[in-house]
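**Q** So the chains spell out like this:
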Amino acid sequence: MAEFLITAAGFILAMVALGLVRILRGPADADRMMSAQLLGTGGIAALLLLGAGTRMPSLVDAALTLALLAAFAAVAFVNSAGRG
Amino acid sequence: MSVALALDAGLALLVLCVAVWTIGAGPTFAAVVGFVAFGLLLALVWVRLAAVDVALTEAAIGSGVTGAVLIAAAARLRLTEAPSAAERPSATLRLAAVVLCVLVFAGLAGLVLYPANPAPTLAPAAAVHLPELDVGNAVTAVLLAYRSVDTLLEKVVLLLALVGVWSLAPDRFWGGAPGILRPARTDGALVLLGRLLPPIGIVVGVYILWVGAIAPGGAFQAGAILAAMWLLVMIAGLRDPPEIGHRWVRLLLVAGPAVFLAVGLAGFALPGGFLSYPAGHAKPLIIAIEAVLTLSIAVILGLLVAGPPERERRR
Amino acid sequence: MRVLLDIAMVLAVSAGAFFFLAGTVGLLRFPDSLTRLHALTKADNLGLGLVVLGLLPQADGYLAALKLVAVWLLAQLAGATVSQMIARTMRRGGQRA
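Protein chains in written order, with this note's numbering: chain D, 19 to 102; chain R, 6 to 320; chain W, 7 to 103.
By construction, these hints were calculated from the structure, which means they are not laboratory data.
Since this is a predicted model, take the numbers as computed values, not measurements.
Certain hints may be false.
These stretches of chain R come out as covered by chain D in the derived footprint (C-beta under 8 Å, 3 or more residues) [what the hints assert, rightly or not]:
#	segment
1	8-17
2	35-47
3	138-150
4	221-228
5	233-239
One-sided and incomplete, this derived list gives chain W residues near chain D with beta-carbon spacing under 8 Å [as the list claims (entries may be wrong)]:
#	residue
6	22
7	96
8	98
Computed list of chain R residues with no C-beta within reach of chain W, every gap over 10 Å [unchecked claim]:
#	residue
9	93
10	96
11	114
12	163
13	194
Each residue gets a CB set at the ideal place from its N, CA and C atoms; glycine is no exception.
Using the sequences and the accompanying hints, generate a full structural model.
**A** Rendered as structure tokens:
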């Protein structure tokens, strides 16, 4: 069961990696603004799965922090890109 | 190859690729986005290394608050982007950079691949005294009991950094308010976020501070979360940045290090050493110090991102 | 009972991972920024919801399960609002190469 959860976490991270390739390459700033959201959602899923798989309940707190800070980073990106 | 090993290898490769891309990215905005992505992925690496406190700090400060500082800096540097993109460093400079990087890499690789055997560690000695302190998290014990001088000095360094940022303003603006961070047009979604997220963020921040005594967390991470929420409120336009000459701003900035210092100096009188805690009172003192420290850190980090004052002080 | 819960967890987490895959495929294949944003927000958040649903049975007690749901709700709130902001910036012509 733990192996399955860790595999799922790895799979989601692979999806995030693929998404990052596309987003960071994107020719406009508009595409790159999305990276905070991609990493936020994917990172939270990976952290929750790793927390359950490796028996580390503190990772849920890390996921909480990541959710807040990813939202904040996205706001900072949008603020800067929309202003220029 | 076990699943965990494959995960770690993939994560390491991903972090490397994002780092290389960030260095080579052209526009400054793209590079900052890459840096924030790198920071968030690095937090995952710290999690895999079982250092969740560091992971929390990396996510909160390393990519969140630092990303905001870099974005603000990139916005200020917009006019210099074209000239700096046209610069080409000389071949000798590039060669020197490559040699330096290879040397650093070789040094680090040597340290990791051929550690001293048995590896020197103070972890058992640190864990011995945890019950006396009544603190369950060894990291908090190290930060606020064993090596509290370092933590105190770090907070003073943060304050000095803030004063350094303030000193970038012209003399006549000293004591005024930092420039408004608001977007060009009011955005309903942003105002909604600025109203809904900060209360949740404050609860999470206080929770992270409280749980830091027995589980990963602590003052620094909690302060960064609170700072991010305060910055969100300011960016959404719901509150103006405060004038840095205001008394309460100055008070909040200094309160954390001051309380820390006061407890430290009181240590001379009671148990007999700077920053020693009287027996049995360690945990309440640690919690009191951390609580005030969190407020100070939040205000310091928020003002660091807000930048130097850009208006005169209203008398 | 234990086996049933395990099966439910595997199914839910697999479905969640599938939606993450769908979101990434959308990211890679859709023609312009707005559609890519749509794929990212909708599919990834649904995937996260399914993952949380799958992890609920194995949480230690009601409080831990509540925390998981809280994380998901927070991610929903942040994701929905932020995607609106990004979309508005894109539509207002924030596109600069």
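**Q** For every hint, state whether the structure bears it out.
**A** Consistency of the hints with the structure:
no. : hint    : in the structure
1   : 8-17    : holds (count 6)
2   : 35-47   : holds (count 7)
3   : 138-150 : violated (count 0)
4   : 221-228 : holds (count 3)
5   : 233-239 : holds (count 4)
6   : 22      : holds, 7 Å
7   : 96      : holds, 5 Å
8   : 98      : holds, 7 Å
9   : 93      : holds, 21 Å
10  : 96      : holds, 29 Å
11  : 114     : holds, 33 Å
12  : 163     : holds, 27 Å
13  : 194     : violated, 4 Å
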